[in-house]
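Mind docking chains B and C on chain A? Use the hints.
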Amino acid sequence: MAELTLVNPYPDALTGVEMRYCPGCTHGTAHRLVAEVIDELGVKDRTVAIATVGCSVYAYEYFDTDAVQASHGRGPAVATGIKRVHPDSVVFTYQGDGDLASIGMAEVVHAAARAENFTIIFINNAVFGMTQGQMAPTTLLGQKTTTSPRGRTVAEAGHPIRICELLDTLDGAAFLAREALTTPARIRSAKRSIRRAFETQLAGAGFSLVELLSICPQWWGMDVLEAIDHVEDTMIEYYPVRVFRDRLGEEEGGGDA
Amino acid sequence: MREELFMAGLGGQGVNLAGQLIARAGMDLGLNVSWFPIYDPEVRGGSSTCTVILTDERVGSPTSDHPTSMILMSADAVGRFADRAVEGGLIVINSSLVHEAPACHACRMLMVPANEIAVEIGNDRTVNMSLLGAWAAGTGIMGIEDIAASLRAMLPERHHHHMPDNEEALRRGAAIGRSACLGDD
Amino acid sequence: MSEQRQRVLITGNEATAEGGIAGGCRHFFGYPITPQNKIPEYMSEHLPPIGGVYLQAESEVAAINMVYGAAAAGARAMTTSSSPGISLMQEGLSYMLGTELPCVIVNMVRGGPGLGNVAAAQSDYWLATRGAGHGDGRCITLTPYSVQELHEFTAGAFEIADRYRNPVCVLADAILASMMEPCELLPRREPSPPERPWAVGPHDPAERERNIVNSLWVDHNLMEAVNLRIEERYRQAAEEITDWEEFGSDDPEVVLCAYGISARICESAVGQAAQAGVRTRLIRPKTVFPFPRAPYARWAERVERMLVVELSMGQFVEDVLLSVEGRCQVDLLGRAGGSMPTVADVVERVVALAGKAGGH
Numbered sequence: 001m002a003e004l005t006l007v008n009p010y011p012d013a014l015t016g017v018e019m020r021y022c023p024g025c026t027h028g029t030a031h032r033l034v035a036e037v038i039d040e041l042g043v044k045d046r047t048v049a050i051a052t053v054g055c056s057v058y059a060y061e062y063f064d065t066d067a068v069q070a071s072h073g074r075g076p077a078v079a080t081g082i083k084r085v086h087p088d089s090v091v092f093t094y095q096g097d098g099d100l101a102s103i104g105m106a107e108v109v110h111a112a113a114r115a116e117n118f119t120i121i122f123i124n125n126a127v128f129g130m131t132q133g134q135m136a137p138t139t140l141l142g143q144k145t146t147t148s149p150r151g152r153t154v155a156e157a158g159h160p161i162r163i164c165e166l167l168d169t170l171d172g173a174a175f176l177a178r179e180a181l182t183t184p185a186r187i188r189s190a191k192r193s194i195r196r197a198f199e200t201q202l203a204g205a206g207f208s209l210v211e212l213l214s215i216c217p218q219w220w221g222m223d224v225l226e227a228i229d230h231v232e233d234t235m236i237e238y239y240p241v242r243v244f245r246d247r248l249g250e251e252e253g254g255g256d257a
Numbered sequence: 001m002r003e004e005l006f007m008a009g010l011g012g013q014g015v016n017l018a019g020q021l022i023a024r025a026g027m028d029l030g031l032n033v034s035w036f037p038i039y040d041p042e043v044r045g046g047s048s049t050c051t052v053i054l055t056d057e058r059v060g061s062p063t064s065d066h067p068t069s070m071i072l073m074s075a076d077a078v079g080r081f082a083d084r085a086v087e088g089g090l091i092v093i094n095s096s097l098v099h100e101a102p103a104c105h106a107c108r109m110l111m112v113p114a115n116e117i118a119v120e121i122g123n124d125r126t127v128n129m130s131l132l133g134a135w136a137a138g139t140g141i142m143g144i145e146d147i148a149a150s151l152r153a154m155l156p157e158r159h160h161h162h163m164p165d166n167e168e169a170l171r172r173g174a175a176i177g178r179s180a181c182l183g184d185d
Numbered sequence: 001m002s003e004q005r006q007r008v009l010i011t012g013n014e015a016t017a018e019g020g021i022a023g024g025c026r027h028f029f030g031y032p033i034t035p036q037n038k039i040p041e042y043m044s045e046h047l048p049p050i051g052g053v054y055l056q057a058e059s060e061v062a063a064i065n066m067v068y069g070a071a072a073a074g075a076r077a078m079t080t081s082s083s084p085g086i087s088l089m090q091e092g093l094s095y096m097l098g099t100e101l102p103c104v105i106v107n108m109v110r111g112g113p114g115l116g117n118v119a120a121a122q123s124d125y126w127l128a129t130r131g132a133g134h135g136d137g138r139c140i141t142l143t144p145y146s147v148q149e150l151h152e153f154t155a156g157a158f159e160i161a162d163r164y165r166n167p168v169c170v171l172a173d174a175i176l177a178s179m180m181e182p183c184e185l186l187p188r189r190e191p192s193p194p195e196r197p198w199a200v201g202p203h204d205p206a207e208r209e210r211n212i213v214n215s216l217w218v219d220h221n222l223m224e225a226v227n228l229r230i231e232e233r234y235r236q237a238a239e240e241i242t243d244w245e246e247f248g249s250d251d252p253e254v255v256l257c258a259y260g261i262s263a264r265i266c267e268s269a270v271g272q273a274a275q276a277g278v279r280t281r282l283i284r285p286k287t288v289f290p291f292p293r294a295p296y297a298r299w300a301e302r303v304e305r306m307l308v309v310e311l312s313m314g315q316f317v318e319d320v321l322l323s324v325e326g327r328c329q330v331d332l333l334g335r336a337g338g339s340m341p342t343v344a345d346v347v348e349r350v351v352a353l354a355g356k357a358g359g360h
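Chains as they are written, first to last, in my numbering: chain A, 1 to 257; chain B, 1 to 185; chain C, 1 to 360.
If you are wondering where the hints come from, they were derived from the structure by calculation, not from laboratory data.
Think of the CB as a built atom: it goes at the ideal place given N, C-alpha and C, for glycine as much as any other residue.
Be careful, since some hints might not be right.
Ranges of calculated distance between the beta carbons of each label pair, as one might list FRET restraints [claimed, not checked]:
(1) C:PRO48 / B:LEU29: 35 to 41 Å
(2) B:ARG158 / C:PRO48: 23 to 29 Å
(3) A:LEU141 / C:GLN90: 34 to 40 Å
Here are some, though not all, of the chain B residues that point toward chain C, as calculated from beta-carbon distances under 8 Å [as the list claims (entries may be wrong)]:
(4) ALA23
(5) ARG24
(6) VAL33
(7) PHE36
(8) ARG58
(9) SER61
(10) PRO62
(11) ASP65
This is chain A alone, in the form it adopts within the complex (with noise of 0.2 Å):
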């Protein structure tokens, strides 16, 4: 019988603890790559999650690095004042759409723009899963949530957000991507991606931002292919998967990554 090799085991990041998220959904997916990265840059022992509130509320119990659970948006202050005091731990917020782009814009802005040395993992599905579908600041123009049962209009609720775009513009961001959870090349290119984000982190650049384009079929009202084919065909229109900066990647002379 040959000799089985298990190449890609479970990460020593992750807690192994029954994660609860429903089925389908990329939580998951996302968990895993953060987990992978950790382990790959040797870091669990000084990596301080920072749990938010959304469907990823449990993400303390799942990530087996020391934790901190934040309120409703203000992950990224949290982060500042474990960094200010601990400048050599690595420190990464994990938030969904609502928790970043509506209530908690201030702190992901001044975070940014203050370059201070965190990572943030930004899970856009463009809704807010925990309480129930209502719409977020990136639910698509003519989506239906419980809060826009008849899909979004400008005249009700304006214009979806754009976050990697929005922080593109403020010269403390040191790594901002966008990348989408759908496909096994798109995960790949996600994972480099973060990986890239906490050696931003490592390096001390400055602020470092993937946002993850994520499903959710629950609230979408679709099975896990239409899901993934509504990012592929839809969303991926409206928030373009790339690499908007990578200044340890201009540093190294480099271009993309």
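Frame of chain A; chains B and C shown alone:
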């Protein structure tokens, strides 16, 4: 003993610094002191007031309903505050800017041409000092040498070359304060 | 101690800031608001040269959450503000109660409600002693009445916060903030907080398990356990740190009740009332949570009337009423919105009350 000194003038006239100097001099003399300011919203040009309490007992309230002495540095200050002085209190007025003494018969009034004195000395930063000199002589709470010593301690080294001018202004003010006291007797 | 303490004439704001540094604070997060701006200004000048961190937050909301993060990371952290800003900090304080983290906040209270004004008020008494956001917790609340006490109470607040793992509020006002008095400065102590086995940060996994700072307890039994732990600490604090001062006649006709700047006015009123022929005694809390119920209860047995003087239309008076439990009459002289009673106002009320009391 409890002296409640109220000072008022325009922002930029140095009302608060002069008040702090008296509080500091009182502290250096071993008195219990407090200094309490009220500003208008304008940083410059608005009115500026402060209250200094000097006492050998507990300070208690740092504010004063009826000050035992006042230094009023502008016509606006005289108009707004002169009638608050306690009966028999002392009011020192910058007569360079206030041409009519207030009708306050129950108070002792000292008119000090502080701006003219500063011009004669040749140092426009000394306007406050002649007023403080007159106040010190008029109240007898502290000597002008006490004020000068505390001023020297408060001033950064780089401003110590102003000390002779300040001491001269204190002396001129005190002379007015003394003569007025004699006149009252 | 052979240490020569430096005696300086400084504002309450400066004394508070230096008190923070003396108490071991090296992490300050704040946002400008009058009348306490001299505190962040002082911290921005003095903390970085001694290896500390001053950070101007984007809002009071962010400031208290930075304090939350810094406290979670084990630092002695502090923020200061004034009434509207303290309103914004309530959510963060609630999280710090829920996670049992120490911190120090200072409230230089100003007139309200709303944007109000920048004059002195005491209308945040409930916010301080009942507040700290949603849920069943409170700030331990200290009420200095002089520049010296602002300095000492702020320095001491860090020990108290550590001992009870609870936010401590130094509750003062716009006058105490801006007035100058002589202040004997405490030596700046090194930030040497007690062991914090619960703090997050880089660590050797051989020495401890991972730490989680969390206030989410979906199981109500676990949530209640947190509350019971907090309550037990408050009971301990009531025994250990309740503090007050009494001043005036040993045989009073009227007992004056006031804290902070109102107590300064009453202190003057004690003397002037004596001149008017009325014996008074001032009971001045230095802590209002825990509240010094004992002296009020004791004197309530011996006088017929107490007069509460506060810069609010009646908040502190409720704690006095709870303390005297109906054993004497309690009157209120309240002013609001930044207005202040004069010493003469207090004396007038005292004389009137003594007249009534004498009529029995």
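Right, here's what the structure says about each hint:
1. C:PRO48 / B:LEU29: 35 to 41 Å: holds (37 Å)
2. B:ARG158 / C:PRO48: 23 to 29 Å: holds (24 Å)
3. A:LEU141 / C:GLN90: 34 to 40 Å: holds (36 Å)
4. ALA23: Holds. Min distance 6 Å.
5. ARG24: holds (5 Å)
6. VAL33: holds (6 Å)
7. PHE36: holds (4 Å)
8. ARG58: At 6 Å from the nearest chain C Cβ, ARG58 (chain B) passes the 8 Å test, so the hint holds.
9. SER61: holds (4 Å)
10. PRO62: holds (5 Å)
11. ASP65: It holds, given that the least Cβ distance between ASP65 (chain B) and chain C is near 5 Å, below 8 Å.
When held up to the earlier numbered hints, the structure conflicts with none and fits them all.
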